[in-house]
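**Q** For this one, chain A is given, so just place chain B on it according to the hints.
Spelled out, the chains give:
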Amino acid sequence: MLKSMMTAAVLGVATLTTMPAAALAEDLTGKVVKFGAIVPASGPFAEWGRANTVALKMLEKQVNDAGGINGAKMEITIYDDGAKPAQAVSMLRKLADDDKVLAVAGPATSSAAEVVFPVANELGIVSVSQNSSKPGVAAANRPWAFRNTVDEAKLATVVVPYFAKTFNVKTAAIIYDAKDATASSAGTKIFPKLLADNGIENLDADTPISFNTGDLDVSAQVTKLRSLQPDAVVLSADYSQAITVLREMKRQGMKTPVVGSTQLMSSAILAAYPELPIVAPTTFFAGLDVPAVKAFAEAATPLMRAEKNLPKTIEPSLFDANIYEIVSLFVQAVKETGVTADPANLAADREKIRDYMASESDFDGLGGKVRFAEDGDAIKSFFIVQAMDGKWTSLETACSSPEAGACDQ
Amino acid sequence: MGVSIFIQQVLNGLTLGAVYTLIALAFSLVMGILGILNLAISEIFMIGAFVGFSLITAGVPVWIALIGAMIAAALVSIVIARIGYEPLRNANHITPMLSTLGFSMILQNLATNTWGSDPMQLTLEGWLETRFSFGLVSLSVVQIVVFVVTVGLCVLTALLIQRTDIGRALRAVAENREISRILGVRPRRMILVAFALSGLLAGAAGVLVGLHYSVITPYIGVEIGLKAIAVMIVGGATNIWGALLAGPLIGILEVLTVAYGGAAMRDFVVYGFMIVILLVRPQGLLGGSSKTSGGRV
Numbered sequence: 001m002l003k004s005m006m007t008a009a010v011l012g013v014a015t016l017t018t019m020p021a022a023a024l025a026e027d028l029t030g031k032v033v034k035f036g037a038i039v040p041a042s043g044p045f046a047e048w049g050r051a052n053t054v055a056l057k058m059l060e061k062q063v064n065d066a067g068g069i070n071g072a073k074m075e076i077t078i079y080d081d082g083a084k085p086a087q088a089v090s091m092l093r094k095l096a097d098d099d100k101v102l103a104v105a106g107p108a109t110s111s112a113a114e115v116v117f118p119v120a121n122e123l124g125i126v127s128v129s130q131n132s133s134k135p136g137v138a139a140a141n142r143p144w145a146f147r148n149t150v151d152e153a154k155l156a157t158v159v160v161p162y163f164a165k166t167f168n169v170k171t172a173a174i175i176y177d178a179k180d181a182t183a184s185s186a187g188t189k190i191f192p193k194l195l196a197d198n199g200i201e202n203l204d205a206d207t208p209i210s211f212n213t214g215d216l217d218v219s220a221q222v223t224k225l226r227s228l229q230p231d232a233v234v235l236s237a238d239y240s241q242a243i244t245v246l247r248e249m250k251r252q253g254m255k256t257p258v259v260g261s262t263q264l265m266s267s268a269i270l271a272a273y274p275e276l277p278i279v280a281p282t283t284f285f286a287g288l289d290v291p292a293v294k295a296f297a298e299a300a301t302p303l304m305r306a307e308k309n310l311p312k313t314i315e316p317s318l319f320d321a322n323i324y325e326i327v328s329l330f331v332q333a334v335k336e337t338g339v340t341a342d343p344a345n346l347a348a349d350r351e352k353i354r355d356y357m358a359s360e361s362d363f364d365g366l367g368g369k370v371r372f373a374e375d376g377d378a379i380k381s382f383f384i385v386q387a388m389d390g391k392w393t394s395l396e397t398a399c400s401s402p403e404a405g406a407c408d409q
Numbered sequence: 001m002g003v004s005i006f007i008q009q010v011l012n013g014l015t016l017g018a019v020y021t022l023i024a025l026a027f028s029l030v031m032g033i034l035g036i037l038n039l040a041i042s043e044i045f046m047i048g049a050f051v052g053f054s055l056i057t058a059g060v061p062v063w064i065a066l067i068g069a070m071i072a073a074a075l076v077s078i079v080i081a082r083i084g085y086e087p088l089r090n091a092n093h094i095t096p097m098l099s100t101l102g103f104s105m106i107l108q109n110l111a112t113n114t115w116g117s118d119p120m121q122l123t124l125e126g127w128l129e130t131r132f133s134f135g136l137v138s139l140s141v142v143q144i145v146v147f148v149v150t151v152g153l154c155v156l157t158a159l160l161i162q163r164t165d166i167g168r169a170l171r172a173v174a175e176n177r178e179i180s181r182i183l184g185v186r187p188r189r190m191i192l193v194a195f196a197l198s199g200l201l202a203g204a205a206g207v208l209v210g211l212h213y214s215v216i217t218p219y220i221g222v223e224i225g226l227k228a229i230a231v232m233i234v235g236g237a238t239n240i241w242g243a244l245l246a247g248p249l250i251g252i253l254e255v256l257t258v259a260y261g262g263a264a265m266r267d268f269v270v271y272g273f274m275i276v277i278l279l280v281r282p283q284g285l286l287g288g289s290s291k292t293s294g295g296r297v
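Protein sequence lines, in the order shown, are assigned to chains A and B.
Okay, so the first sequence: first residue is 1 according to this note's numbering, each after it adds one.
Okay, so the second sequence: first residue is 1 according to this note's numbering, each after it adds one.
Keep in mind that the hints were calculated from the coordinates and are not lab data.
Be aware that a few hints might be false.
Claimed, not checked - Listed below are the simulated EDC-like cross-link pairs for lysine to aspartate or glutamate, each with C-alpha atoms no more than 20 Å apart in a straight line:
{"hint": "1", "chain 1": "A", "residue 1": "K179", "chain 2": "B", "residue 2": "D267"}
{"hint": "2", "chain 1": "A", "residue 1": "K255", "chain 2": "B", "residue 2": "E125"}
{"hint": "3", "chain 1": "A", "residue 1": "K57", "chain 2": "A", "residue 2": "D99"}
{"hint": "4", "chain 1": "A", "residue 1": "K250", "chain 2": "B", "residue 2": "E125"}
{"hint": "5", "chain 1": "A", "residue 1": "K255", "chain 2": "B", "residue 2": "E129"}
{"hint": "6", "chain 1": "A", "residue 1": "K57", "chain 2": "A", "residue 2": "E298"}
{"hint": "7", "chain 1": "A", "residue 1": "K84", "chain 2": "B", "residue 2": "E223"}
{"hint": "8", "chain 1": "A", "residue 1": "K250", "chain 2": "B", "residue 2": "E129"}
{"hint": "9", "chain 1": "A", "residue 1": "K179", "chain 2": "B", "residue 2": "E129"}
{"hint": "10", "chain 1": "A", "residue 1": "K94", "chain 2": "A", "residue 2": "D342"}
{"hint": "11", "chain 1": "A", "residue 1": "K165", "chain 2": "A", "residue 2": "E201"}
{"hint": "12", "chain 1": "A", "residue 1": "K94", "chain 2": "A", "residue 2": "E75"}
Stated by the list, open to error - Reference listing, derived: stretches of chain B covered by chain A, where coverage requires no fewer than 3 residues with Cβ under 8 Å from a Cβ of chain A:
{"hint": "13", "stretch": "77-89"}
{"hint": "14", "stretch": "108-116"}
{"hint": "15", "stretch": "135-148"}
{"hint": "16", "stretch": "213-226"}
{"hint": "17", "stretch": "251-260"}
The structure presented is a predicted model; accordingly, all values stated were derived computationally and were not measured.
Using N, Cα and C, we set each Cβ at its ideal position, and we do this for glycine too.
In isolation and in its complexed conformation, chain A is listed as follows (with noise of 0.2 Å):
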């Protein structure tokens, strides 16, 4: 039933488009069709890693057990850059120049993608990350780097505003990890912007309060936190990083209502500070009430709960979910645009392969509808989402793009 329920859902995200696609379908049969990802499977974001090759293994499974791709065999290379810039890089040359994929699904840190996508754009190959939300990282990049997140700016002009007007906040204190590149910037411009902008005053605007990544003493800081008083808590950083400042609040019997961006969403997150109010954007959560959410979460939560290197109460996160997208993504671009998967025609393939990433407009991910803008980042539809009870619960949704009708199904 499972089994039926995935190979349902893989098509469903893998193979929608229609008419124009049979038109271009090349027969495949006997061929390999080889895509590459970067993934974090060391290091400080191991478990983003793990999971993520996970999500990736499973999903060459359905894809090959579904027949292919137009017959062909989908292989995905996975190498892992322990969130290192320069391991990155050289993995992203080991699968460009060494294995000949088609198109490579990561790096997962903006730190990464940094120094990643100008090598992507000087190869002439699509590397699409899958976790990086600092802001213009991919514009910066074009025409070859994507991103299958939405920018945090995008994301903060809706949530902050609906935060202080949820929660009365009228002053606000922000604490960020300045090692962190995403977390450093909203930390620094997004937030201090938004809060002016909703009449919010920022109570340490004058003296920012800090942190470093893998500090696991912040208690000056939050004591420092206490005593402005603020109505909200922004909280910018890493999750992995967060429930440190969350534990510590919760040490020093801080209440306040913290806010944060899309860094902030992880089960583990809702273990730190239950009794606390925490509210973060994201484009994915596993107990979202979507067919293709539900069919991905209930296949990928076992595999991951009984990977040894995973804890038992994993479930998926939005980084699996939209490194699953990409490769889908990948896996539809393949079937409809005439890619050879032939050696000889590589450097076509991908040039295919990219412009087909920077045109579609009728996938289906998992959460809804999934297009690249001009910028390279995904327009899609995103949920401010509350940790209550134990687990993330949806409050609102909203689209990454102001343009009219841009997440409509």
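**A** Same frame as chain A, but now just chain B:
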């Protein structure tokens, strides 16, 4: 409010400093007696934290978890001594240090593969949750436990080194390995004892950190370990009480710098202070003259 917040920050600094003290002692036991910097201590501390966390999560009482983690850390330390130090003891000073650096990488990878890279969280229950509030100042039972255990272990270590046969043997080996052998001391055994004691202290520090912050990752060792080295240098590697003085001093200095100057200034101030001490009093605040520091075995 200003005074209350200042007092709270000092308490934060004292707690942090207590942890630094124990790890600094672990460093100085090996440094002072064997004359090498065992860089794996940072990760032995981390392993102690994970073992303690795992035991507490499995329902083992905190005190037993503390002892269990100390023993586990001591065993890891002994393995490092046998494989990473002993075969290299006649090599250049830098060689065993690099060997321990290699072990620290292995331990970090081992922890990532065993417990994952996600933060491991602990929910404190019962008496460990208790907090005492005095206006804006609050002090938890766990903080008191951290202070008491730290001071207790410092006193026990000092008594062991200064008043027992093992301590005398350790000091004899530190002074001159060959003469100590003539006097009946077995240097190889004493090397293992020094490493084991160092592991016990680092393991205890790991459990205390886990209890206090309720969250650990496989990457907590590096940052705290480097600060502990600074504490050892500031306090004096040859004096146990030096760590007990310098730990809280560095802890408070660090916390007040973050609170009143910003996190960006923290490392500049802490390591700047260490460099000043190295320049004006290289033996540390309570260290003897450089001639009294342990010779290398």
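**Q** Work down the list of hints and note, for each, if the structure agrees.
**A** Now the hints, each set against the structure:
no., hint, verdict
1, A/K179 <-> B/D267, "14 Å, holds"
2, A/K255 <-> B/E125, "19 Å, holds"
3, A/K57 <-> A/D99, "18 Å, holds"
4, A/K250 <-> B/E125, "13 Å, holds"
5, A/K255 <-> B/E129, "16 Å, holds"
6, A/K57 <-> A/E298, "15 Å, holds"
7, A/K84 <-> B/E223, "18 Å, holds"
8, A/K250 <-> B/E129, "11 Å, holds"
9, A/K179 <-> B/E129, "32 Å, violated"
10, A/K94 <-> A/D342, "19 Å, holds"
11, A/K165 <-> A/E201, "14 Å, holds"
12, A/K94 <-> A/E75, "15 Å, holds"
13, 77-89, "violated (count 0)"
14, 108-116, "holds (count 4)"
15, 135-148, "holds (count 3)"
16, 213-226, "holds (count 10)"
17, 251-260, "holds (count 5)"
When held up to the earlier numbered hints, the structure conflicts with 9, 13 and fits the remainder.
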